[in-house]
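A.B. asks: Take the sequences, apply the hints, and build the full model.
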Amino acid sequence: MKLARLAILTTSLSLLAVAGRGGTPAQAQVKLLNVSYDPTRELYQEVNKTFAEKWKQQTGQTVEISQSHGGSGKQARSVIDGLEADVVTLALAADIDAIVEKSKRVAPDWATRLPNHSTPYSSTIVFVVRKGNPRQIKDWEDLVKPGTVVVTANPKTSGGARWAYLAAWGAAQQKLGSPDKAKDFVAKLYKNVPVLDSGARGSTITFAQRGIGQVLLAWENEAQLLVKEMGKDKFDIVYPSISIQADPPVTLVDRNVDKHKTRAAAEAYLKFLYTDEGQEIGARHYYRPTTAAILARNQAKFPKLKLFSIDDLFGGWSTATKTHFADGALFDQIYKPGS
Amino acid sequence: MTTRLADPPFASPGSARLRPVGMTALALGLIALASGSAGAQTSDPNAAPPPAAAEPPATPTGDTAGLDAKIADVDQTARIAVRRVEILEEQLAAKAKESPAAAVTADEKGFGLKSGDGAYSIKIHALIQADTRWFLDDGGLADRADTFLIRRVRPSIDGTLFGLVDYKVVPDFAGSQTVLFDAYLDAHPFPWLRLRAGKFKTPLGLERLQSDSDLVFIERALTQWLTPTRDVGAALWGDIAGGIVSYNIGIYNGAVDGANPDVDINHAKDFVGRLLIQPFKADALSDFGSLGLHFAASTGNRGPGTPTAAAATATPQLPSFRSGGQSTIFSYLTSTTDPAGTVFAHLRQTRINPGLFYYFGPLGILGEYVQSRQEVQKGNVTATLKHQAAHATVSFVIGGKAGYEGATPTNRLDLAKGTLGALEIGVRWNYLKIDDASFGNAADPTAPIFADDKRSVRKATGFAGALTYVPSRTVRFAVNFEQTRFTAGSTVSGTTTVADRKIENALFGRAQVNF
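Chains as they are written, first to last, in our numbering: chain U, 1 to 339; chain E, 1001 to 1515.
Just so you know, these hints were derived from the structure itself, not from any lab.
Wrong hints could be hidden among the right ones.
Straight line, CA to CA, 27 angstroms or less: simulated DSSO-like cross-link-like pairs of lysine-lysine [what the hints assert, rightly or not]:
| # | chain 1 | residue 1 | chain 2 | residue 2 |
| --- | --- | --- | --- | --- |
| 1 | U | LYS156 | E | LYS1095 |
| 2 | E | LYS1097 | U | LYS74 |
| 3 | E | LYS1097 | U | LYS102 |
| 4 | E | LYS1095 | U | LYS102 |
| 5 | U | LYS156 | E | LYS1097 |
| 6 | U | LYS104 | U | LYS322 |
| 7 | U | LYS336 | U | LYS322 |
C.D. replies: This is the structure in structure tokens:
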């Protein structure tokens, strides 16, 4: 009898406890944090809005997506240090690998979980010059001419700048024929860089708002956005004869989505980037779609140029990072601040 | 930077500080300087490139062409210099963010100072409990006086040194005397390996390990009398697998049940260990609440062997036990005139202490069992006595969340916002059972007697209810009622016949400040 009373009391208290917690099994609202690199602000603003509407229609759940932007390397460091991103959409696969290695917050197989090595869009590095291209900058060799002032960010901290550095190195190696000549070429190029911002967006400001330099090395989408926002009467875009195929990857942050119970929404969010609608949004923001049909439909926005990949010339991100960007590696050898 | 709305395209976060007046002034100054240095730059082969004009030069004629080019050069140099200053400022600001200056903190967790990198800190706390106890029908027992009292006055200091070692000092000034409760260092090189040395709680007693400020009831359950209050020693402890498994193993002087000693009086030491499993700390199971499965044990000698009767009489190394109302309900026999009439600890004491807690939203359950086996001696006779205690406490928090760290209001009292804090309701059953062998054997007159059941109870069983208003984590107001029934411990009036000690109906009140 006493046991029966105890059981009734315990059951009642448990039911009250469930009621006290709200009790509904599915959350009515979910929050996601997308930690991204510098130039993707506008892209993800539109993606977030569109995806939230879709998700609400599909599930009845309200999804609120916050964005965080900064240099890709710094953003990766923040996630490693505990910034509770649900997804990361960074400039470099190496930055996601760093999260895997140093914090284990992302599963090691992240690159194989989504198509195209988890890269929904690609981009490349192009030149932005002042209207009329007064210095007649047409290809990489024009950047090393005496008196040419080049604006780019610091490849030690900026993903975009790292792509730009490798684009210059790869172009020189293909044109000049050897890594040694490429090294000399890149050293000369960085002698023409008077200011190194920490991120791609900062270098765009240096060039466009502060009026410094004659040529900006920029993500293709950043260049197009700059011309669109600041006026076609101010800048021209120059496509070099050869450049690098830049693949900014995306992934869930496994440990965080499990903690936040947001895996389903976060997965759907990333998969949305691969849908036709997501690809069209990317194209509108000048990211090259990976879906062939969408790319073909937007071909006018994306002039064809010869592209090489990081795997082709640098043996992948791991090797490239060690060879070029680690402390004391090639970039540190060729660039001395203030020289 | 985390934003809900993205920054406008190409906005520079640091630029507003320099523009427009400051930047113009700085630029003009730099132009003036640069006009003198531009030539020097061009003569240095390692210098930055001579900046060229950003805009296409006009097509001037004669002397104006050279002048325009010169101005354009100077303009570029000035812009570069200004931008470098901007970037430097941004870098310094970012660095300052990463390494903030030392900070003074004042919040509901105390007042403190902290170095910018968090490696050094000191924090001041205090726990003050003003209590009252009222015994309904005290039965003429002198130790059931209705009283107001200051139960605890514990200022404390804790903090961190070198980012590696935590420290804590807690004295207590209640009862107009100073007693040291905690004084220890805790080195934590890894979450899974920590070393604590000094005076602190041993890992015995699941409720004992809860902070005094966070208990559901004003007084702990009867189980508290079978574990030491504090002891002096060293322990290795840590959390494994994100706290799913916690261990604690230590060596201590060895303390009598319920005692708080500062030094040892013999060479023998106690070994104490604890394992705590919290399976719902796994991310995938966190929706199920907080479950803790606790098992602790200790063993140690109270002396190297049989001490002299005189020494044993002076320090018998045995406890006495109290009721919920803090009346003494059990003590061993002592004699100031006959050393052979005093019971004292003889060699080994062993305790085992399984227990569990479970918290789910506003619901909390905590229960444990303690068994203390102690070898005792009186004269030349020895025996091993096994005392046992247990309790089960269920609590429910209205307007908040229950937890091992105490009830937490969802919203603290704020009349302006219309929030009231939380109300915690608790019920408890607890008992203490003294080994029958303590009282001799009526059928065997030669059996040794270690306690007198006319003055010491054989068993105590209490039922209690608690109502606690928690306006915030800092302040609590509590009312408890506990009825405790006893077996033995008294005599029939005017005779020497053993009778049950009168039922204790105790009403408690407490006002508490804790920060």
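A.B. asks: Does each hint hold? Answer for all of them.
C.D. replies: These are the hints, each one checked on the structure:
1. U:LYS156 with E:LYS1095: holds, 16 angstroms
2. E:LYS1097 with U:LYS74: holds, 13 angstroms
3. E:LYS1097 with U:LYS102: Roughly 22 angstroms between the alpha carbons, so the hint for LYS1097 (chain E) and LYS102 (chain U) holds.
4. E:LYS1095 with U:LYS102: holds, 22 angstroms
5. U:LYS156 with E:LYS1097: Holds - the C-alpha atoms of LYS1097 (chain E) and LYS156 (chain U) are around 20 angstroms apart, at most 27 angstroms.
6. U:LYS104 with U:LYS322: holds, 21 angstroms
7. U:LYS336 with U:LYS322: The given pair, whose Cα atoms are some 19 angstroms apart, holds under the 27 angstroms limit.
Comparing the model with each earlier hint shows no violations; every hint is respected.
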